[in-house]
Each structure stands twice: as structure tokens, then as C-alpha cells.
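We have chain A; now place chain R onto it with these hints.
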Amino acid sequence: MNVDVALFAYLADYQPDGLGGRAPRSFALEADATIASVIESLGLPDEPRIVFVNGKHAEEPDVLHEGDRLAIFPPVAGG
Amino acid sequence: MAQILRVNMTDLSISREEVPAAWHKYSGRAITDAIIYRDVPPDADPLGPDNELVIAPGILAGTNAPNGGRLSIGAKSPLTGGIKESNSGGQAALGLAHLGIAALIVSGKPADPSALYQLTIEADGSTKLDRVDEWAGLGNYPLADAIKATRPEDDRYSAITNGPAGEMLARSAGIAVSDPKGYPNRFAGRGGLGAVMGSKGLKAIVISDKGIGSIPHADKDAFVAASRRFTEALKSHGVSGTGLPMYGTNVLMNILSEAGGLPTRNFSSGTFEGADAIGGERQRDIILERGGRSNHGCQTGCVIQCSRYWVDTAGEYVTKGPEYETAWSFGANCGVDNLDKIADLDRACGDLGLDTIEMGAAVAVAMDGGLASFGDADAALALLNSGISGTGDGRLLWDGAEAIGTKLGVEHIPVVKHQAMPAYDPRSVQGIGVTYATTTQGADHTAGYTITSNILSVGGVVDPLSPEGQATLSSNLQIATAMLDSLGLCIFVAFPVLDIPAAFTAIHEMMEAHTGETWTADDLMTLGKEVLTMERLYNAKAGFTAADDRLPGWMRTAELPPHNVVFTVSDEDLDSVFSFVPETAAAMGLS
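Protein chains in written order, with the numbering used here: chain A, 1 to 79; chain R, 1 to 591.
Hints are computed from structural coordinates only; laboratory data are not their basis. No false leads were slipped in.
Some chain R residues near chain A, calculated using beta-carbon distances under 8 angstroms:
(1) GLY238
(2) ALA259
(3) PHE495
Glycine included, every Cβ here is placed at the ideal spot set by N, Cα and C.
The following block holds chain A by itself, in its conformation from the complex (with noise of 0.2 angstroms):
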């Protein structure tokens, strides 16, 4: 299945093509693929992270579906 997956602020920088950027890139998944899952393979630091997946929270042993879009954050807050 096909999930697009979007990284915000400096995680920006782990995208696999080294471009950074937020824009979403197309990830190609084995069926039942985890949140988890595509942090590992993106190497994602071990910090608190937010994450939605549509634009709701999600938690990261939640199995992601075709044509999902994955958003990830840093711990980020302002006012």
C-alpha cells in the first residue's frame, strides 16, 4: 500500500531523499505496516514526537492504511 508521510521542523531532514522540506513523500508499505514501523525506517530520533495520521493524533502501534497521510512533529509549541 501507499501512505504519504510528511516531517515537520527539524525532522524535516530524515526524509530518505535528503531533500528536508514538509512536503509529503509516497512511501510504498507492506500491508498492515505500524506508525512504528515507518519511524524505524526513517531513523527518527528516540524523543517524544506528535504524530497524526488524517489530522487526528494517532499512536505510533497504529497499522496505517492505503492512501493514509502520516504527519510527524518534534516536540513544537508556541502562542
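Chain R in isolation, oriented as in the chain A frame:
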């Protein structure tokens, strides 16, 4: 002991008062509230002689407490009609604290409405009022230059200034506070306090603290140890240690758009296709490409360093930030995806002395009403600048989103208690809707920043799309925020404080070591409740009821894409937020 400095603009007298013994734990927002509660009749005309403008540092200002130098400015608001505390960074709180001034009260009103004054407080404690009529109509930036020309070259001073919008009594006028480089770019922006300053004929306050060092502590060693632990907590947390210094507040743009909570084109959508073009990551890249510096503190003693300057293509200073709220208000909310255009609008507001949140919301409402097209930043700037004429739609715009929206017959005007909503849509971030609806301040995100748990996974997680748990979340955060505002702490310390127990402990340890009085964790929370109790009682006397603690009705019926949601927190939950008030009022002897 610190004293209250009173400046009476009716007879131009300046006097000093002792701080009442009952207020020995009050500073910042607590003391501005206590003074307004005591002195200003709830039915007073906000622009009349009975209103008071109260300016106060926190107890920790002027010490080495990290992020302890916020400034509270209070009055009865000409925008909301209720009590107001507007909170600013910049250098002035340090200056007042160094001079032993717990609060500065500006009362009365000059007989000559065209007279303009500067109040000067010198480092030796002497004070004076000078006529500065020649500065009428001067913007905050040329005013800063004019003030500088009057000061000795080796002076160290801060300035609190009022732009033309405040002189013209615009209900969205804010008060500028100088930053460490002297730029008038930090603001007590919300609630029209610039109009209160203007009504009193006050153009500028200059505070010199040249040669005055750090304020002594009751127990210096204990204070140094506690403040060191507090600094470590701020620097170790991902938000205050990395995210904010690297990207500034505008790092929120992409995440709010992702979550469907970024109000776009006058609150008609929760995502903006141009979010990344105006977000914190792109902002950082552009500033660095142009040779600017991407982070600094807005005041001495800040260890978070979330401020930045926007520079033009030649690398020259244009304005601060823009901060997230401004990048949103003139950006996504007006359909504008260009940071240079947003910076020009921010600079115009900074010079005129206007609240960027209210102005962005008002321009978007005006666009909705057909005065300009969404996305047309040049038309937005022309409309904003046209207010200086004193007539027409531009001047009405300066009175806020409700004023211009009502004239144009716009259906969706995003205000509570007449004040425009900030950069989070309450339909997809339900907790902030509780804060907008119930806070004493009119729609205000900082009053109880539920974005923490709703979006950012700080201090726990509460589903932003569900009504469950939002009232409790908002209530607890409103109490904690009132406490932080009353110590002079920057509310961005809340991010580590919510996650790191040692950070909260360090706050009351710093308070005890600095003051020599007992400050327990309960004392801190009681302080927050007392502040909110004074505000609730004042607003009730000014005529506010439960009906004022509501979002506009359309937020319950007009679905917000992309989640297609409406606001669903019950009225019963909204009315539970201040359930502690009767008990706290009784304990305070207030009714």
C-alpha cells in the same frame, strides 16, 4: 519595600503609596487586578477619568529568575467592557522592578484633550511629566527615535509608548514596550489599552535604571540553586529547549493546519494550503538566508529565546517575528501566503500601535464582507493604513472585528465579549473554545492554553474533537496561567512546568528564597484562584452574565472542514469552569 507610584493626569500630580499589607503576595496581574477592583467603578467609562491604567512587574522581575520579567498592564477595557490584563515582554518590567515600583497607576484625565505628556522616571527615583504635544500622531518607531534623542548617550532605559491608534482612542489600540535593542516591538496588545493610555493624554513612559544592579534576595544561595534548577528544566524540555528557540512561536502554523485547527479565510476552514509558506520552518530559512539572526530573548534574563527579527532582502530590520498569532491573523485568516507581506502588516500595526490579532481578524471579516478579496495583502495594508484618516471603514476597522463586521452585515464574526478569537478554531480544538468562552478577558488563547493537551501532547492528552474533559482542562490552565502572570513569569515556562515536576517545585522555591516568605504549591494555586475571582466578580458587577460566557451561535451550527465539526461543549460544562469562585471570594472577604 516596593511602592505604588500614582500619576494623576487631572492635576498632573505624582505621589507614592504603600502597597496595602493584604496584597503582600500580589504582583503582576494580581496587583493590576486588585487596584482596578478597588479603584475603578465597574460602570466607569473606560475612556473617562475614573478608569485607571495600571502597569506592574512581577515579584521576580529584576532578579536572575529565568523568564521572570513579564509586564502586566491592566484597566477596564474599552473593547470588552470588562477587566483587562494584557501581558507583554520587553524591558520595562525590569526597569520598574529596579526602581522599587510595584505598580504604576495612571489615573484621571487632562482638562485639555489635545495635551500630550511623557512621564519620566529617572534612576535616582525622581519623576516628572513633560508636555510633548509636538509628538502628536507619531508612530512608535519614530517616537522611539525621538525619545532616544532626549536621553544621555550612556543611559540605560526602557520605554512604554502609545502610537496614533491609541491617541485616536481606537478600541484595538495596544501599548508598545521596548525590547533589549530599543525597538518598540513588544506589545500589551489586547483589549484596547492603548486607547486608555491615549484618553489620559500619555504618549510615553520612560524608565531609566542606569547603574542599578540585580535586586537582593532574602536567601541568595537558595535562590541561585532554585533558579539554576528552573533554568535546567527550561533548557531540557523539547519545547522550551529546542522547538521555540529554533523556530519561534510560528512553528505552530504547520501543526495547527495539520490538525485542522488553523482558522482560514475568516474561520471558514481549519487548514490553509499556504501554511508551510508562512510557517516557522520557512521563516527561519528566510531569515538565515538574508543574514539575520534567528533567535534572541525579548528581554534580559530569557533563557528560551523564541524572539526573532524579520529582515528585508537587504538584511535590514522590518519588525519582530512575525509571531505565530500575527502570521496567522494576516496570513491564513486573510488567505495571504507571503511572509514579507505579513511582516509589512505587522510593522504597520507596530508603528500605529494596533493589536495584530484583532486587526487580522477584522481584516478577514472585512474581506468576508466584500471590502477586499481574500489573499489581497496590498488591499489589507491599504485598508489598515486608511484608519489614520479618522473616518470611514479603516477607522471602524481599528475598533475591531465586531465593529467592522456589524457595519458590513457579516454573518460570521469570531468574537467573545467583543474581542476577536486568536489562531485556533474552537470547533476542532474544543478546549480552547472553553477558554475563549469563559475567560474574563474576551476571546484569548493565553488565558488557558489548552492547545498543550489538545494538540501538542504537553501536560497529558485530551482529544481536541471531543467535548469530554475540556472544561476541567481549561479551568486548571486558567488558574495556573493567572498564577504565572501574577509572578511575572513568561507563560512559555508552562510547557516544561506541566511535564517536569521539579520545574514547578523550583518556582515556589525561588519565591520563598527571594521574598523570605512561605510559598507552598498550594499558595501558588490559591494566588491563581484569587486573581480569577477578582476578575469574575468585577465583570459580574460590570454587567456580565453566563450568557456572555458563550461562543457565537454559528460555532455550534456551521461545520468546519476538514473534520466537519461544530463546537459541542455543553453550557453546563462552560458554567462549571469558575465553580471555585464563591468559596475563594468568601475566603478573601469579597462579595
